[in-house]
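Asker: Sequence:
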Amino acid sequence: MDLEYLKMSPLEKFAFNFKSFFKNLPKKTAAFFKAIPKKLYKLWLAFAGIFVNIGAAAKEGDWKTRLSFGVMGFGLIARKQYLRGIIYLAFEILFILYMVFFGWKYLVKMGSLGEVAVKTVVDPMTGIEKTYYYDNSLLILLYSLLTLFIMTAFVYMWYQNVKGNLLSQQFVEAHMPLPTTKDDFRSYANENYHKSLLSLPLLGLTVFTILPIFFMIFIAFTNYDKFHQPPAQLFHWSGFDNFVTVLGGGISSDSKVFAYTFGEVLLWTIVWAVFATFTNYILGMIVAIMINKKGVKCKKLWRTVLVITIAVPQFVSLMFMSQLLSDQGLVNNLLLKWGWINKAIPFLTDGNLARATIIIVNIWIGIPYSMLICTGILMNIPEDLYESARIDGAGPVRAYMKITLPYMLHVTTPYLITQFIGNLNNFNVIFLLTGGNPPLEMDGNVTTAGQTDLLITWLYKLTVTENKYGLASVIGIFTFVIVAVLSLILYNRSKSVKNEEEFM
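Residues in the sequence shown are numbered consecutively from 1, following our numbering.
Bear in mind the hints are in silico, worked out from the structure with no lab data behind them.
In this text, a Cβ means the ideal position worked out from N, Cα and C, and glycines have one as well.
Among these hints, one or two may not hold up.
Each computed DSBU-like pair below joins lysine-lysine, with the alpha-carbon atoms no more than 35 Å apart [stated by the list, open to error]:
1. K109 with K461
2. K27 with K38
3. K59 with K38
4. K59 with K80
5. K163 with K182
6. K38 with K163
7. K39 with K195
8. K195 with K64
9. K39 with K163
10. K59 with K195
11. K461 with K256
12. K226 with K119
13. K64 with K163
Cβ-Cβ distance ranges computed for the label pairs, FRET-style [to be verified]:
14. T463 with L178: 53 to 63 Å
15. P231 with A58: 40 to 50 Å
16. G204 with D392: 50 to 60 Å
17. K119 with L490: 51 to 61 Å
18. P231 with T181: 43 to 53 Å
19. K119 with I359: 52 to 62 Å
20. Y98 with S252: 38 to 48 Å
21. Y41 with D392: 50 to 60 Å
22. G204 with L353: 37 to 47 Å
23. A311 with Y98: 42 to 52 Å
24. H236 with I86: 41 to 51 Å
25. N53 with T120: 51 to 61 Å
26. K38 with P231: 43 to 53 Å
Based on the sequences and whatever the hints tell you, model everything.
Answerer: Given below as C-alpha cells:
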C-alpha cells in the first residue's frame with residue numbers, strides 16, 4: 001500500500017487522504033471518547049496523591065511537621081533549613097496581610113459585584129451637593145479574581161510546605177544530612193536552574209496574560225455595556241445571556257442579527273487567514289526560487305529592493321494604499337481620465353471586491369517576508385538531490401513538487417502555523433485599509449460589523465465604539481478557542497513534530 005501511495009499523483013494523494021480522514025473519523029472519535037475515562041482517572045490519581053501526602057504528613061509527622069500545618073516553614077526553621085523556612089513563613093504572613101487589609105473586602109462582594117455605585121448628598125449647612133463613589137464593579141471583579149489567583153498560589157505553597165517539612169523529617173530520621181542554604185543556592189544554579197530562569201517569566205505570564213484571559217471570561221457572564229459602566233453604574237452577573245445572543249438562541253431580533261453577524265465575520269476570518277497565509281507563502285517561495293536560480297543577474301539588487309519594502313512601516317504603506325484605491329483616489333482618477341472606465345471602481349466600497357483587494361494588497365506587503373525566509377532555506381537544500389532528479393528525467397515542476405516543496409514545508413511548518421494564527425488576528429491590514437467597511441446588512445438592518453471585518457476588528461468595534469463589553473468578551477473567548485485549538489492541532493499533526501529527524 002505504501003508503494004501504491006508513493007506512485008500516486010498529488011491530486012490522487014489528496015483524494016486518498018480526504019477519503020481516509022472521513023473513513024477513519026468514527027474510529028478516531030470513538031478513540032477520543034474512549035480515552036477520556038483514562039485521562040480522568042490519571043487526573044484523579046494525581047489529585048488523590050495530594051491528599052495522600054497531606055494525610056501522611058498528619059499521621060507520620062512529628063510535632064514540628066504538624067505545627068507547620070498552621071505556621072508555614074516552622075519545621076524547616078527548627079531543623080536549621082532557614083532559607084526555605086523563612087520563605088514559606090514570609091509568604092504566609094504576606095498572604096494574611098493581603099487578605100485582611102485588601103483582598104477580603106473585594107472577594108465578599110464578588111457575588112453581587114457591588115450594591116451602591118454612587119450617592120449624591122446635599123450638605124445641610126452649605127446646600128452644596130457632594131458625590132460619593134462606593135462600589136466599582138470593574139475593580140471588584142478584577143481584584144476578586146486577583147485574590148483567587150493569590151489564594152491558589154497560597155494553597156500550592158502550603159502543600160509544598162507540608163511536603164517539604166515531611167521530607168526534611170524523613171532525612172533526619174534516616175540520619176541523612178539536610179540540604180543547607182548553600183546547597184539550595186547551588187541547586188538553583190545547576191540542576192534546578194530552569195526554575196530560577198523561568199520563575200520571573202512565569203510570574204509575568206500569569207499577571208499579564210493568564211489573569212487578563214480569565215478576566216475576559218468572567219466579563220462574558222456579565223451585562224457590562226454602555227448602560228452599566230463603572231464608576232457611575234454597576235454591572236451584574238447575567239449568566240449565559242451573552243452566549244445565547246451570540247449563538248442566536250435568543251428570541252429578540254437583536255439576537256438573530258448578532259448571530260448572523262458572528263457567522264459572516266467568522267467565515268470571512270477563516271477564508272482571509274487561509275488566502276493571506278498560503279498566497280504569501282507560495283508566491284514568496286516562487287520569488288525566492290526565481291532570484292536564487294542560476295543565471296539570474298543582480299541577485300543582491302532584487303533582494304535589497306524587497307528588503308527595503310519591509311523597512312517602510314506598514315502603517316504608512318496601508319494608509320497610502322487606502323487613499324490610492326478609494327473611489328476618489330489616484331487609481332480611479334487616472335482610469336477615468338484615460339477613458340478606460342465610465343465610473344469609479346469600488347475597490348474598497350463593494351463587499352466582494354474589497355475582500356479581494358485586501359488579499360491582493362496583503363500579498364504585496366507580505367511576499368518580502370516569505371521570500372527572505374525561503375531564501376535561507378533554499379540555500380540549504382542539497383544540490384545533489386536536484387542533480388539526481390534531472391538524471392532521472394524529472395522536470396522543474398516535478399523537482400519542485402518532490403524536492404523543494406516537501407523540504408520547505410517540513411522546515412517552515414511552524415512558521416506557516418504562526419502566520420496563519422497571526423492572520424486570524426491581523427488587525428492592521430483590515431483596520432488601516434478599509435476600517436472593516438463596507439457595512440454588513442441583514443434584512444435592511446445595518447449590523448455592528450463590516451463586510452471586511454475580522455473577529456479581532458469586530459471585537460475592537462464592540463468595545464471602543466459600541467461599548468458592548470460582555471458580548472465582546474464572548475467573541476474574544478470564541479477567538480481564543482479557535483486560535484488555541486487550531487494552533488495545537490496543526491502543530492502536533494505537522495511533520496516537523498512527527499518526523500523531527502527526517503531532514504537532519
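Asker: Each hint: holds or not?
Answerer: Taking the hints in turn, this is what the structure says about them:
1. K109 with K461: holds (30 Å)
2. K27 with K38: holds (17 Å)
3. K59 with K38: holds (31 Å)
4. K59 with K80: holds (23 Å)
5. K163 with K182: With a Cα-Cα distance of about 21 Å, the restraint between K163 and K182 holds, given a limit of 35 Å.
6. K38 with K163: holds (27 Å)
7. K39 with K195: holds (27 Å)
8. K195 with K64: Roughly 28 Å separates the two Cα atoms, so the pair holds.
9. K39 with K163: holds (25 Å)
10. K59 with K195: holds (31 Å)
11. K461 with K256: holds (19 Å)
12. K226 with K119: holds (20 Å)
13. K64 with K163: holds (13 Å)
14. T463 with L178: 53 to 63 Å: holds (55 Å)
15. P231 with A58: 40 to 50 Å: holds (47 Å)
16. G204 with D392: 50 to 60 Å: holds (54 Å)
17. K119 with L490: 51 to 61 Å: holds (54 Å)
18. P231 with T181: 43 to 53 Å: Distance hint for P231, T181 holds at roughly 49 Å.
19. K119 with I359: 52 to 62 Å: holds (55 Å)
20. Y98 with S252: 38 to 48 Å: Distance hint for Y98, S252 holds at roughly 44 Å.
21. Y41 with D392: 50 to 60 Å: Holds, at about 54 Å.
22. G204 with L353: 37 to 47 Å: holds (44 Å)
23. A311 with Y98: 42 to 52 Å: At 49 Å between Cβs, range holds.
24. H236 with I86: 41 to 51 Å: Since H236 and I86 have Cβ atoms about 44 Å apart, the given range 41 to 51 Å holds.
25. N53 with T120: 51 to 61 Å: holds (56 Å)
26. K38 with P231: 43 to 53 Å: Between K38 and P231, where Cβ atoms are some 50 Å apart, the hint holds.
Going through the hint list in order, the structure satisfies each hint without exception.
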